[in-house]
Each structure stands twice: as C-alpha cells, then as structure tokens.
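**Q** For reference, the chains in residue letters:
Protein chains: 2
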Amino acid sequence: MAGRQARKNIPQRASGPALWASVGARVRDRERKRDAVIMTAARAFRERGYHNTSLDDIASELNVTKPTVYHYVENKEQLLFECFRAGLKLIMDGIEEQRESTTTGRERLAAVISRYAEAITSDFGWCMVQAENQDLSPAMSRKVKALKSEIDQGLRSLIRAGVDDGSIRPCDEKMTAFALAGALNWIAHWYRSDDQLAAAEIAHRFIELFEQGLQPR
Amino acid sequence: MAGRQARKNIPQRASGPALWASVGARVRDRERKRDAVIMTAARAFRERGYHNTSLDDIASELNVTKPTVYHYVENKEQLLFECFRAGLKLIMDGIEEQRESTTTGRERLAAVISRYAEAITSDFGWCMVQAENQDLSPAMSRKVKALKSEIDQGLRSLIRAGVDDGSIRPCDEKMTAFALAGALNWIAHWYRSDDQLAAAEIAHRFIELFEQGLQPR
Chain A
1 MAGRQARKNI
11 PQRASGPALW
21 ASVGARVRDR
31 ERKRDAVIMT
41 AARAFRERGY
51 HNTSLDDIAS
61 ELNVTKPTVY
71 HYVENKEQLL
81 FECFRAGLKL
91 IMDGIEEQRE
101 STTTGRERLA
111 AVISRYAEAI
121 TSDFGWCMVQ
131 AENQDLSPAM
141 SRKVKALKSE
151 IDQGLRSLIR
161 AGVDDGSIRP
171 CDEKMTAFAL
181 AGALNWIAHW
191 YRSDDQLAAA
201 EIAHRFIELF
211 EQGLQPR
Chain B
1 MAGRQARKNI
11 PQRASGPALW
21 ASVGARVRDR
31 ERKRDAVIMT
41 AARAFRERGY
51 HNTSLDDIAS
61 ELNVTKPTVY
71 HYVENKEQLL
81 FECFRAGLKL
91 IMDGIEEQRE
101 STTTGRERLA
111 AVISRYAEAI
121 TSDFGWCMVQ
131 AENQDLSPAM
141 SRKVKALKSE
151 IDQGLRSLIR
161 AGVDDGSIRP
171 CDEKMTAFAL
181 AGALNWIAHW
191 YRSDDQLAAA
201 EIAHRFIELF
211 EQGLQPR
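Protein chains in written order, with UniProt numbering: chain A, 1 to 217; chain B, 1 to 217.
Any given hint could turn out to be false.
Note: identical chains are not told apart, hence a pair may lie in one copy or across any two.
[Unchecked claim] In silico SDA-like cross-links for lysine to any residue, where the CA-CA straight-line distance does not exceed 20 Å:
1) LYS174 / ASP194
2) LYS143 / TRP190
3) LYS143 / VAL163
4) LYS174 / TYR191
To be clear, the hints were calculated from the coordinates, so they are not data collected in a lab.
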C-alpha cells in the first residue's frame, strides 16, 4: 500500500506501453521522413536523370540540409537502390498476397500484372527500369539483380501454378515471364502521368492480350 | 580515223563504266569501313557502356587514328545514333518486305516479330534500347524518337491490317504494339550471345504466346 501511495506522488513518467508508443511514434516519424526522401529522389531521378541529380538538389527540394539526407541514406547510389526497391516492393507485396489466394494460377497472375502496372506507372517506375543502367558499383549491381530475379521467379511460379491447375496452357515459363516483364517494364518508357489511360486500364488490356492472344478464337 | 589512232596511242585511262566501277568500289570501300566503325562502336558501347567508351577506344580497337574515325562520324553521339539506326534498319527492312506480301496481317506481323528478335539479339541490340537513355542532345533525342515512332507505326499498321482481314481479333492496336515492342526490346536486357536459345527460337516462342495467349483453347 505504501508503494502504491509513493507511486502516486512521483510525477508520471512514460512507462511500459506508453514508452513503447513514443518509440513507435519516433520510428514512424523517421520512416515517414525517409519515405519522403525516397519519393522526392524517385521523382527527381525520373525528371532529370540519375547522373544529373545531386543529393544537394534533393535536400533543397525537401528544404533540409544535405547531412539530413545522409541521415537516411549512405549515398546517392543507395538512394537510387531504395527507389528501385520501393517500386519492386509493390510487386512483391502483390505476389505475396496471391500466395493465400485460392483462385487459379491464371487469375493470380492477372492480379500480379495489375499490381505490376500500378508500380511501373508510379513515381518509382523510372528507377525500377533504369537503376541497373546507371553504372552501379558491382556490389549494388548484384543487389539490384537479386531483387529483379525474385520478381522473375515470382512470375514464373505463378505461370507454373497456372499450368499445373490447367488454367494456363503448357508454355515456356521462362520466356513467358520475360515477355510479360518486358511488356510491363516498357510501360515506364511510354507512360506519362497525364496519359489518358490509367494503370488499371493498361493492365486490363495487357491481361486480355496475354490471356486471349491475337488470334481470333 | 586519225582520232581513233590517237586514242590508241595514249595510255589507257579508266573511262566510262570502268571509271564508274572504280568510284563504286571506292564508295563500297568507304561504306565497309564506316560499317566496321559502327559495328565496333556497337560492341564497345554494349560491353562497357556509352559513357565509359571514348572515340579513342574505338579507334584503337580498329587500329586506326581518331581522325580516321572522325572521317566517318562527326562525334560520339552521332556514332551512337548510327548504331541505333543500324539496328532499327533491320526491323524497318522487315516491315518494308512485308508490304509486298499477300499473307494475312497476323502472318506478316509474325514475320516482323522474327526480324525484330534478330535485330535485338544482334550487336546493335544494346544501342537500340539504350540510346535514348544516354543524355542525348535535344536534336539527337528527336531523331531517335522519330525513328522509334516509325517502328511503332509499322507495328500498329500490321496489327490494323490483321484486324481488317480477320486474322487478328479486334484489339487496342496501340497497347498491343507497346506490349510487343516492350517484350521484344526487353530481350536486350536478358539475352546473352552464348544463350542456349537462338533469336529464331525466342521469336517462335514469343509469336506463339502473342498469337495463342495463355488461356487454353
């Protein structure tokens, strides 16, 4: 009882859950700021090119100092990689979501194609297809290739699942995954955000083309 | 008669057809040398990247001086453009050949897809898809875009012809041309000349995919 009384008398300090909430808020704040750095960089790289954009440019667009940018990323190359990874994560999340789905392989593949089109028409689209063309260091180049390979394997396994459940006709899954990724990645070359077609509509037409083919049925 | 006699007495000089043949031979020789410069540059750009390759490198690979290279192209940017154009010409020639064909639009499109796959797996493939990413001057960038647009229009008109003759089901010809070009251009990203699949086999699988689609018939 004495203890309880004593506790009442000392000033309240954040304890237990409250303390953690505060740490959580700080983590979220840091994540939000980091996301802003990455998003600003993705837009700058897309608009002016990677080599024509400096960390100073990005800091100045964010109204912060360059050391603040360095607080979130080690260097410009890492920043490009984070932009690349942010775009690819949208696709990977789509592949991941489909793992739980009970629909056919072809339907799951279509859902991932939609997600892919969304990602590639986003601000990260340019970095997703251009990152590996920017004279990256060998170590960074390996990281980029590894992530791209994950997406490739994800597409192949969906195609394989469709062939196994009979929703996709037997085909060369490697060539099919390459053709799909090529058609989708190429969107970044021709898409403008003021384009008449939204990502969902592009995805719809691509899915129709890849599912139905050009030959009349 | 006196004239004829006189002519017989002066030493034979190349005249008429002989003179022209000689000019023709010189032109062909110049063209061969220019082609060698372009081919060497295409390989160097693909292997080391455009910005990491100098005209000195190309001259030294050809065992000539840099002024000799300047004899054939004005500068490195023009050299990149010539590599780009050489690759695109292979596709344009394919489109041109099909103009005289009496087969269906879908068959003509398939023939052009084969030619496209050949071009993109050639030494020019890298320049074909990377030229526009190399910080070109605005004038050069316009020239690159104009040639790409010609290919795009060629694909669209083949698709339209197929829809018109009933060999291709009604579709969005712009999206279909973009998907085809994307899948084909992307070959340059994954193809290695020591790849197990030859260009003809890749083309065959792509044509099957785009004609038949993934859904079983």
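**Q** A separate judgement is required for each hint: does it hold in the structure or not?
**A** Going down the list of hints, with the structure as the test:
Taking the shortest alpha-carbon separations for LYS174 and ASP194, only the inter-copy value of 17 Å comes in at or below 20 Å, while the best intra-copy value is 34 Å. For the identical chains of this complex, LYS143 and TRP190 are inter-copy neighbours only, at 16 Å across copies versus 26 Å inside a copy, given an alpha-carbon limit of 20 Å. Proximity of LYS143 to VAL163 under the C-alpha cut-off of 20 Å is found in neither arrangement, the shortest distances being 30 Å within a copy and 44 Å between copies. Taking the closest pair of Cα atoms, LYS174 and TYR191 come within 20 Å of each other only across two copies (12 Å); inside a single copy the shortest separation is 26 Å, beyond that limit.
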